[in-house]
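Q: Between the sequences and the hints, there should be enough to build the whole structure, so can you do that?
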Amino acid sequence: MASEMTRRVFLKGAMVGAGVLMGLGHLDPSGSSSDAATPIKRGGVWRVAGWMTPPTLDAHRISQYWACIGGMYDCLLSTRIDPKTLAVELLPGLATDWHYEKEGKRLLFTLRKGVGFHDGSKFDAQVAKWNLDRVCKHPKSYLKSDLTEIESVEVLNDSTLAVNLRYPSASILYNLSDGRLWSGMVSKAFQEKYGDDELARRGCGTGAFRYKQWIVDQKIVVERFPDYWRQGEDGKPLPYLDGMEEHYRPQIDKAVVDLRAGDIDTVIDPADRDVPTVRKEANLQFIELPPFEYQKIAIGFNARQGPFTSHALRKAACYAIDRERINRIMGFGVGRVHQYPWISRGQPGWAPEEWPDYSFNLEKAQELAKVDYPRGVTVELFSISREPDNAFAQLIKAMWDRAGIKTELKSLERLGWIESMKKDTFHAGFWSAANYIGGFIRDKLVSGSPGNWANFKNPKVDKMLDEHVGTLDVKKRHEIMKDILKIVYESAELTSVFASTHSVATHKKVKGLRTFWRHEVAAEVWLDA
Amino acid sequence: MRTKRRYSLWLSGLALTVLAVFVVFETWVCPYDPLSIDFVPLGPPSLKNLFGTDELGRDVFSRFVAGTRISFIVGTVSVLLAASMGILVGLVAAYSKRLRALLMRMIDAIWAFPMIMLALALAASLEPGLGTVIIVIAVVYSPLFARVVYGQALSIFERDFIAAARTLGCGPVRLLFTHVLPNLAAAILVQATLSVGTAIVLESSLSFLGVGIQPPTPSWGLIMQSGYKWLEQAHWISILPGIGIYVTVVSYSVLGDWLRIVLDPKQGTT
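Protein sequences appear in the order of chains U and R. Numbering-wise, the numbering used here puts 406 at position 406 of the first sequence, and it's gapless, one number per residue. Numbering-wise, the numbering used here puts 181 at position 181 of the second sequence, and it's gapless, one number per residue.
Hint data in this document are derived by calculation from the structure and do not stem from the laboratory. Heads up, some of the hints might be wrong.
Stated by the list, open to error - List time: in silico EDC-like cross-link candidates among lysine to aspartate or glutamate, alpha-carbon distance up to 16 Å:
| hint | chain 1 | residue 1 | chain 2 | residue 2 |
| --- | --- | --- | --- | --- |
| 1 | R | 229 | U | 89 |
| 2 | U | 254 | R | 232 |
| 3 | R | 229 | U | 490 |
| 4 | R | 48 | R | 38 |
| 5 | U | 410 | R | 127 |
| 6 | R | 229 | U | 253 |
| 7 | R | 229 | U | 424 |
A: Structure below.
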């Protein structure tokens, strides 16, 4: 009796099985739902949460990335990331064409016609020149120090701009792209009429969204700009959304609670520990948006004074770190092991097969630790007094202690940590690193640079870094950076532990998510609701 | 009632004895190195890890045992220091009419601040660590002893034997430390016993807030702090040390209460 299969039972089972198979067929292993298959829908307000609040809506005066500000401004160039190779492609933005002249010391831009700002004023070469001058000269411009190659900017005609360079520079194209955001074109008319303060309060660009409201320390609200110049896939002007809100959540785990409750649609860079919870929810998904990543523990060793002047000890410290274990504990299955700071897969210069491999090897670490310090050694590890740095420090200490490198933890407030690193009195310190668009990491490695936290000093590398910036050919640049990093990693003065890719936790109704580099392309987002 | 008191006294005594064993024989009682990260993180309590493991894969029971020593050291030394400072100030204030107002107003000023706020302010302005925690707790608790000693000393100064000692030419130092202080021993002992428990709580609070004992040194407060982010997934990390703090404070309170009754001739029964 129990084994009898009635027709009704069989049909029921078949229908259930077919439904399961259909559901599985829609699952995208990359984590995003099949956006391409679903027809684009217009309308709706996208609610995003991030852990930082912008200090200003003036593109030239910000130093971080926000999706809403990215939606308010366009740059001369745009970017697109190849999903397979993770290479960054430069595309026309407000400039439709560009090329170098005079052996790379002059850049000519052909500007897009018919583009207007949110206040109705026109974008042309005069306005573009005013913008570039402002970015290069404004006392609060964050991009100023990255555009020192610009000598002058000339207007040739209404739609042609010439940028004269002090030296050939390949990085300038990336710095003037959406990938860096901070060179976004700002309305000259608005700034001249209302001043810097009002521009900081309301912003005025050519982007798909324009200012609507800003409740400081709570949220920024922007609405669609009906005269935006870019077209969507449906042939109508972007954006697809009616508006967006970017909410400030200093404790990003609370933002995930709001996401689960339905009060937020997307959380930017959720904490790794919340990702398993997000993955369990049926209507949420976790999407990684490479190639930008946070390299969570980038360790610098002081090779100029103290115990880490010993090359063997530096290598011992690198080998002693069980990166897989730290990644499992602190990465929660989201991060991945990454031992080469400041660079990542797909970026010019990436060549791990040619660099030393410091994968975990306790025996080797113990052996190397005894080379110059047969009776043992005590080192200090500097960290910033905050979470998760305190946890990272304890993990590294436990691993170094096991390798025979007795470690004392020095946990300092951020300013105290910066001072100690700058004074070069540290033995070893760690911070959170990242990769940079185009692989231009000169200020992270060149001697004396403020961004060179470990005070890495190598005259040969300095020369190679200058050569790298001035090399316009991508393949040649790749070779130079590969060799630079070979020197750096062979010296074992820098290493990292694991990396987490830029990511979002989002409701499945949010479609079209991609990034310029570090912030989302809000104009292309739509809601399938 | 007497029987109830006896049971609570015995239980408290047992708890404090167990904790004392942890303090003295820490190295033998700890099954694992408190700093070692050998286990699967956030593991629940089991036979292998009695109190489970924390977020870094450390055995919570080993850290709890190691933390017992830290807590007891802090509790005992800081109270001893507080008692020393408080007794001195209280005795001098009771003896000297000229200095009385100044000293007691200083004590009142320190006492007026909420204890945790004062401790936080002091600890944040010094380099965090064990020494700082002891000094901070001693400063914050000294007014307690000063007031007890001052009040009791004032009434002792009215007694005949003090007048007799003065008549016989007893100097102020000898008067205070040979005649007055021994008569305050009971009150001081009771206050000290009660204070050790609350000093342990204050140390845990400072460590929890990040201005006390620094990681990776295990302290009950630090263990609770590392666990509060994981209350949903791994409640044992915070709850078990929390129970330890509770048991310690209650045990000290019961002990102090018993001492107060025993040493008070009007109430005392053995």
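Q: Can the restraint linking residue 410 of chain U and residue 127 of chain R be considered satisfied, given a maximum Cα separation of 16 Å?
A: holds, 11 Å
Q: For the pair supplied as a hint, residue 229 of chain R and residue 490 of chain U, confirm whether the alpha-carbon distance does not exceed 16 Å.
A: violated, 39 Å
Q: Would the pair residue 254 of chain U and residue 232 of chain R pass a check requiring their Cα atoms to be no farther apart than 16 Å?
A: holds, 14 Å
Q: Hey, residue 229 of chain R versus residue 424 of chain U, does the alpha-carbon distance stay inside 16 Å?
A: Violated: residue 229 of chain R and residue 424 of chain U sit about 35 Å apart, past 16 Å.
Q: Keeping to a limit of 16 Å between CA atoms, is the pair of residue 229 of chain R and residue 89 of chain U held or broken?
A: violated, 41 Å
Q: Residue 229 of chain R and residue 253 of chain U were given as a pair; does the straight-line alpha-carbon distance stay at or below 16 Å?
A: holds, 10 Å
Q: Quick one, are residue 48 of chain R and residue 38 of chain R close enough, alpha carbons at most 16 Å?
A: holds, 12 Å
In the structure shown, a violation is registered for the earlier hints numbered 1, 3, 7, in ascending order.
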